[in-house]
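Quick note, the sequences are listed as chains A and B, same order. Going letter by letter, the first sequence gives residues 1 to 129 in UniProt numbering. Going letter by letter, the second sequence gives residues 1 to 129 in UniProt numbering.
Sample of chain A residues at the chain B side, in silico, Cβ under 7 Å:
#1 Gln26
#2 Arg31
#3 Gly78
Simulated coverage check for chain B against chain A, where a stretch passes if three residues somewhere in it have a Cβ under 8 Å from a Cβ of chain A:
#4 17-30
#5 33-44
#6 70-80
#7 96-103
Hints are computed from structural coordinates only; laboratory data are not their basis. Glycine included, each C-beta is placed from N, C-alpha and C at the ideal position.
Number of protein chains: 2
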Amino acid sequence: MTEQDAAAVVARARFDAAGLLPVVVQQWDSREVLMVGYMNAEALRRTLVEGRVTYWSRSRQEYWRKGDTSGNTQHLRGAELDCDGDALLLQVEQHGPACHTGERRCFDVDPFLPLPAQAHRTDDPEGTP
Amino acid sequence: MTEQDAAAVVARARFDAAGLLPVVVQQWDSREVLMVGYMNAEALRRTLVEGRVTYWSRSRQEYWRKGDTSGNTQHLRGAELDCDGDALLLQVEQHGPACHTGERRCFDVDPFLPLPAQAHRTDDPEGTP
Numbered sequence: 001m002t003e004q005d006a007a008a009v010v011a012r013a014r015f016d017a018a019g020l021l022p023v024v025v026q027q028w029d030s031r032e033v034l035m036v037g038y039m040n041a042e043a044l045r046r047t048l049v050e051g052r053v054t055y056w057s058r059s060r061q062e063y064w065r066k067g068d069t070s071g072n073t074q075h076l077r078g079a080e081l082d083c084d085g086d087a088l089l090l091q092v093e094q095h096g097p098a099c100h101t102g103e104r105r106c107f108d109v110d111p112f113l114p115l116p117a118q119a120h121r122t123d124d125p126e127g128t129p
Numbered sequence: 001m002t003e004q005d006a007a008a009v010v011a012r013a014r015f016d017a018a019g020l021l022p023v024v025v026q027q028w029d030s031r032e033v034l035m036v037g038y039m040n041a042e043a044l045r046r047t048l049v050e051g052r053v054t055y056w057s058r059s060r061q062e063y064w065r066k067g068d069t070s071g072n073t074q075h076l077r078g079a080e081l082d083c084d085g086d087a088l089l090l091q092v093e094q095h096g097p098a099c100h101t102g103e104r105r106c107f108d109v110d111p112f113l114p115l116p117a118q119a120h121r122t123d124d125p126e127g128t129p
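This is chain A alone, in the form it adopts within the complex (with noise of 0.2 Å):
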């Protein structure tokens, strides 16, 4: 995307008192929910100017470019701001896993109301109700 598209975009999200706005990255494919992020103005700006995931880190107060370290990449498939610009959802096509814990996302650790076997199916869309 150009700085001028990203530009208005930016211009479009509503961002907290702590100017972060938190984004919900799902696997484009698959649409396995994988993590919540944040991002502050800047990351999002080098986030679609980029195609690569930049978020804000809360707790080390740094850019944090998904996989510069781990090589655990995001790629940018697809992105929509909510109904108010006051959260972001981002299709990635994600390289290795999600989480820093290892596992493929972030939230498939002890799930405490499991989904019913077929809900990870996705190759039966008649089996659904």
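For this one, chain A is given, so just place chain B on it according to the hints.
Then chain B, alone, in the frame of chain A:
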């Protein structure tokens, strides 16, 4: 879920300085990400015990059980905290539109990086890279 089990989940969740947890809501079978909301500890407890999703409205500063006024209820099918407990992913059965605008999802308005068409197909796993 019993009150006791719900209390254990609430104890594991890490709420932010405002006492809130971001909640990603996904249609359990199609895996569409529908919206992002927020819960405090009591909204999370009610959601888990009742099996219907209740948020804390930051703008109205009140509990908001999804569908009580609109009829567009969310029934809980699965739930997971992330690796550090500061984000929640819910799998729901969404009745009617999830968004107050009348759209199915809060995110499908004016995508600025639209996905390739095949990302919206669920019947062709071989078509994905």
